[in-house]
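The chain contents come next:
There are 8 protein chains.
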Amino acid sequence: MAAPPARSWRVYLSGEIHSDWRERIEAGAGEAGLPVEFSAPVTDHAASDDAGVGTLGEEGEAFWRDHMGAGVNAIRTQTLIRAADIVVVRFGDKYRQWNAAFDAGFSAALGKPIVTLHDAELDHALKEVDRAAQGTARTAEQVVDVLRYVITGQLPGG
Amino acid sequence: MAAPPARSWRVYLSGEIHSDWRERIEAGAGEAGLPVEFSAPVTDHAASDDAGVGTLGEEGEAFWRDHMGAGVNAIRTQTLIRAADIVVVRFGDKYRQWNAAFDAGFSAALGKPIVTLHDAELDHALKEVDRAAQGTARTAEQVVDVLRYVITGQLPGG
Amino acid sequence: MAAPPARSWRVYLSGEIHSDWRERIEAGAGEAGLPVEFSAPVTDHAASDDAGVGTLGEEGEAFWRDHMGAGVNAIRTQTLIRAADIVVVRFGDKYRQWNAAFDAGFSAALGKPIVTLHDAELDHALKEVDRAAQGTARTAEQVVDVLRYVITGQLPGG
Amino acid sequence: MAAPPARSWRVYLSGEIHSDWRERIEAGAGEAGLPVEFSAPVTDHAASDDAGVGTLGEEGEAFWRDHMGAGVNAIRTQTLIRAADIVVVRFGDKYRQWNAAFDAGFSAALGKPIVTLHDAELDHALKEVDRAAQGTARTAEQVVDVLRYVITGQLPGG
Amino acid sequence: MAAPPARSWRVYLSGEIHSDWRERIEAGAGEAGLPVEFSAPVTDHAASDDAGVGTLGEEGEAFWRDHMGAGVNAIRTQTLIRAADIVVVRFGDKYRQWNAAFDAGFSAALGKPIVTLHDAELDHALKEVDRAAQGTARTAEQVVDVLRYVITGQLPGG
Amino acid sequence: MAAPPARSWRVYLSGEIHSDWRERIEAGAGEAGLPVEFSAPVTDHAASDDAGVGTLGEEGEAFWRDHMGAGVNAIRTQTLIRAADIVVVRFGDKYRQWNAAFDAGFSAALGKPIVTLHDAELDHALKEVDRAAQGTARTAEQVVDVLRYVITGQLPGG
Amino acid sequence: MAAPPARSWRVYLSGEIHSDWRERIEAGAGEAGLPVEFSAPVTDHAASDDAGVGTLGEEGEAFWRDHMGAGVNAIRTQTLIRAADIVVVRFGDKYRQWNAAFDAGFSAALGKPIVTLHDAELDHALKEVDRAAQGTARTAEQVVDVLRYVITGQLPGG
Amino acid sequence: MAAPPARSWRVYLSGEIHSDWRERIEAGAGEAGLPVEFSAPVTDHAASDDAGVGTLGEEGEAFWRDHMGAGVNAIRTQTLIRAADIVVVRFGDKYRQWNAAFDAGFSAALGKPIVTLHDAELDHALKEVDRAAQGTARTAEQVVDVLRYVITGQLPGG
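Residue numbers (numbering that gives the first Met the number 0), protein chains in the order written: chain A, 0 to 157; chain B, 0 to 157; chain C, 0 to 157; chain D, 0 to 157; chain E, 0 to 157; chain F, 0 to 157; chain G, 0 to 157; chain H, 0 to 157.
Just to be clear, a hint being listed does not mean it is correct.
What the hints assert, rightly or not - EDC-like cross-link-like pairs, simulated, lysine to aspartate or glutamate; straight-line CA separation at most 20 Å: (1) K93/E / D43/F; (2) K93/B / E60/G; (3) K93/D / E57/C; (4) K93/G / E120/B; (5) K93/H / D92/A; (6) K93/F / E60/E; (7) K93/E / D92/F; (8) K93/H / D122/A; (9) K93/A / D122/H; (10) K93/C / D43/D; (11) K93/D / E57/D; (12) K93/F / D48/E; (13) K93/A / D92/H; (14) K93/C / D122/D; (15) K93/A / D19/A; (16) K93/E / D122/F.
Said to hold, decoys possible - What the simulated footprint calls covered on chain H by chain F, stretch by stretch (three residues with Cβ under 8 Å from a Cβ of chain F suffice, anywhere in the stretch; the number is not a length): (17) 124-135; (18) 138-145.
Stated by the list, open to error - Not everything, but these chain G residues come out facing chain D in the computed CB check (under 10 Å): (19) V41; (20) D49; (21) T54; (22) L79; (23) G91; (24) R137.
To be clear, the hints were calculated from the coordinates, so they are not data collected in a lab. Treat the numbers as computed from the prediction; the structure is a model and nothing was measured. Virtual Cβ for every residue (Gly too), placed ideally from N, Cα, C.
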């Protein structure tokens with residue numbers, strides 16, 4: 000018995016903002032007709048960096064400019080994570096992406112189910128994060144497969 | 000005074016997947032016109048066993064294959080239990096059904112009202128689980144009677 | 000600025016079942032056009048007493064018959080209290096109404112705002128319960144006035 | 000295997016203040032050598048009634064005098080209930096004892112194990128409170144037996 | 000990727016009731032087409048002061064009149080703060096506005112994101128409150144800019 | 000029956016730092032032999048203002064200097080409030096003392112019993128804070144009387 | 000750097016009561032000098048079955064006799080699980096041991112770290128329980144090794 | 000007024016394990032006579048990597064070897080973080096240290112005060128983590144200064 004059609008699943012897509020993984024997951028979920036509301040951090044890198052000074056006024060010092068921006072971004076991210084049913088956390092091969100790991104820890108403490116998404120070469124470095132997750136995917140398509148199964152009970156080819 | 004019509008009750012049906020008890024409860028609730036959204040684990044046994052390797056990729060070792068599958072299934076079950084108003088837990092006469100007892104403990108710690116459903120011959124073995132429940136039913140029809148009463152205040156024949 | 004029209008307030012009406020106070024509150028709220036969804040325990044005394052044996056099967060001993068009934072009733076009451084924004088608790092001049100005081104304590108521990116409703120002659124006996132409430136009303140009309148003010152900001156004659 | 004000697008169990012004794020049931024439980028636990036720290040509301044009726052005006056200053060109106068007293072008493076009772084492992088709630092045959100039922104509801108919402116203590120003639124009126132308890136005792140000696148078993152695993156005569 | 004259109008953000012506007020800052024934020028959010036449901040305390044000062052005696056009956060002593068009014072107002076404010084995604088707290092240059100600071104502390108303990116709104120001359124006095132906030136705005140327009148960014152990812156001029 | 004001697008009560012003294020009210024409460028509790036561990040914010044005004052730059056390094060801008068200081072002070076105050084059984088909040092006649100009101104709101108959301116301490120001339124401005132408290136004292140001696148009663152059950156002259 | 004010597008770790012040993020696994024873990028922890036306070040359910044099977052009727056009085060019906068016993072046992076088990084740092088859950092090859100699975104679910108919902116202990120032949124049936132655990136041991140000695148590592152950082156032979 | 004001597008502060012030191020920052024903080028706190036109990040993850044890199052296979056048995060696949068090790072390590076780290084008053088999170092210039100960021104997110108969701116410790120060159124990459132902290136230190140000595148101030152109210156040179 001599948002969950003009733005009325006239920007919409009809220010999935011937060013945390014992490015890397017330099018590849019099209021979110022679009023691929025959304026497209027895949029759309030093709031599968033899944034009742035999912037996706038949410039995410041602001042993925043426009045420049046806007047995200049200016050989130051504080053662009054809204055609350057100028058600030059000359061880099062540390063505080065970042066501090067202001069991170070505060071404004073946190074209003075969005077923490078609200079959406081608290082509202083999410085499932086949190087997907089993507090780690091790419093560039094940058095340190097500490098905010099993705101932070102989101103994973105935040106989600107874990109709240110008891111949210113987590114799916115991580117990254118290449119095998121990051122496995123050892125991400126072992127604590129993966130352990131806190133319910134599953135580790137290698138491709139956006141696998142995340143769609145997980146969502147389809149979780150929501151409808153159907154496996155690929157099933 | 001009954002609860003207003005607008006309220007929909009979310010009932011999670013945990014446990015045994017080899018008999019038609021869920022269908023009977025859903026049919027009974029439908030006949031009674033109860034505003035209930037039922038949810039459940041994936042009840043296709045083969046799909047459930049393949050939930051991990053069917054979505055996240057192959058795995059040769061049985062322990063880890065099960066581990067992957069249980070992780071993916073937990074995304075569904077724990078989300079739906081957290082969202083439920085009432086959790087019904089069914090124990091059949093076959094298999095060990097430790098996941099049903101696990102769901103009961105999980106629900107109890109969250110303060111969810113539980114109704115257990117099983118034959119009298121399991122009473123002694125299930126005494127701790129039954130004690131954590133608000134009631135123990137013997138038939139699917141009794142569960143429907145409980146739901147009708149809880150939602151509308153009507154007793155059978157009332 | 001009043002709360003936006005879209006918000007519906009959920010008000011649970013706990014306590015005495017032998018007078019028409021619930022109907023008067025509901026009628027008053029209806030006349031005032033307040034967006035309130037009222038809920039309540041099952042107020043049919045006979046049905047409430049038979050809630051267990053009427054759904055889960057016969058039981059000869061009085062203590063356990065009551066125990067079964069209280070379990071089934073608790074599925075309803077605790078679910079609706081947890082879902083409520085406001086809990087109104089009515090104490091009449093008959094019976095001991097320990098379940099009303101129990102509901103008040105349960106609501107207080109959950110941080111729910113409580114309004115008590117009773118005559119002044121019960122004040123001393125109810126002082127602990129009244130202290131945990133946000134206000135004590137003497138009439139159903141006063142409860143409607145509180146709800147109108149809380150929801151719309153309008154005082155009677157205002 | 001019993002709990003290690005180092006553990007001290009905190010038991011809160013709520014309810015009736017006009018008989019010696021607390022002393023009997025404490026004496027019984029002392030004779031059994033149980034590592035229990037008992038706590039209770041202030042049981043001097045006159046002092047309890049004057050808790051507000053005796054500490055925070057005079058007040059002419061009866062309602063507010065009670066309100067002040069109930070506030071000061073709640074500092075004690077709610078702190079001790081939150082700190083308790085087990086809450087025993089006693090109902091006698093006099094007075095309405097709504098504060099005892101309130102404490103029971105408060106404890107239940109916090110997930111505290113409850114033992115009720117009252118005569119059989121109050122069973123029907125207390126059915127909701129008893130249902131939320133882990134057990135109902137008829138005598139102070141039975142409460143001691145429960146504590147001894149819970150702490151040491153020994154039954155009477157065992 | 001912006002949050003999906005279906006999501007409505009609930010924003011509670013706490014604090015000063017003697018200037019038009021709420022109207023300016025609501026107007027700005029309306030012009031920007033943001034899916035926001037605003038809520039607020041009752042901002043009619045006279046009604047707010049009479050919230051208790053205007054609903055629950057006369058009271059001669061000033062302290063208790065205020066006490067009754069604050070209780071009724073708290074039903075509204077605490078319910079709306081608990082339901083809010085974001086809490087904006089405004090401090091003006093008049094009055095002590097301790098209730099605004101109280102709301103900020105209440106929101107912080109609940110983990111709600113806070114935006115404070117006040118002039119720079121209050122910075123030192125408000126440093127603890129500002130530290131608990133995700134950002135400090137100087138104008139209502141800046142609050143709108145924060146909301147637009149948080150909800151749509153768009154910066155002013157972006 | 001008093002609480003057992005082993006229990007030590009933790010009382011946090013929040014608010015005004017320019018009079019000797021804390022010393023008077025501590026002295027009074029000491030004379031009464033009460034088992035209380037008092038805690039408080041750093042009450043050296045100059046040190047408190049320099050808490051950030053004195054530990055984490057220089058900062059030229061006043062807003063961020065305060066921000067750093069408030070962060071370091073919050074490590075102390077929020078830890079001690081979370082660990083407290085009772086929170087006393089003092090408002091004096093100078094300064095705006097928004098941090099005291101913030102502490103009160105923070106404590107209220109955590110379910111901590113609060114006692115406020117202030118003159119009657121502040122009653123109207125503090126009505127929301129007082130409503131969230133279990134009692135309002137006018138003098139430090141009254142706070143001691145409350146603590147003595149709460150801990151030992153003894154009233155002054157009793 | 001190891002945890003400081005002052006910290007004592009509380010470990011609850013849930014599950015099978017027909018073999019000596021608890022004694023072996025306790026002996027091993029003792030030999031390793033680990034600062035652990037172990038706790039457990041009452042492991043005397045006959046006493047456990049009589050926990051209700053042996054303390055609260057006779058009861059003729061088997062279902063209610065079990066119900067009473069399970070209530071009294073739950074006072075012990077749920078208190079000790081809530082107080083535990085780590086929960087070890089043992090499944091043997093006999094009986095259904097639903098209470099062990101219930102304890103695991105209860106612990107998981109509370110965020111307690113779990114270690115399961117069972118033979119490989121139970122792996123498939125216990126996959127959901129194992130997935131909620133931080134590790135699965137095959138022998139009591141492995142549990143001791145986990146505890147020693149967790150507490151002191153030392154591996155066997157390390 | 001300083002916190003009473005009896006209080007011991009529990010500080011968890013998360014993050015980098017390749018420099019002596021923990022020893023420097025502990026030495027500094029020791030010299031200052033601060034009542035602090037420090038705790039930390041296992042900092043022996045080889046032991047930490049073998050935490051799973053060294054206790055629970057061999058495993059050939061790298062992913063699952065890491066998975067087992069991360070599970071055993073999480074028993075320690077999550078227990079100690081939950082028990083901590085303050086969490087210090089250190090980021091060094093090598094490795095990705097995602098577990099440190101994960102710990103920060105986990106601590107933030109639990110409401111624990113956080114102090115981050117890292118060089119300025121990591122500021123931009125760590126802005127989300129720093130925003131969730133109460134302060135950012137550059138040296139171990141600054142962390143000691145923060146602890147001394149938080150616990151005793153004394154600033155360096157004060």
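Notebook entry, point to check: Among all the numbered hints in the text so far, which are the ones the structure does not match?
Noted result: 1, 2, 3, 6, 10, 11, 12, 23 and 24
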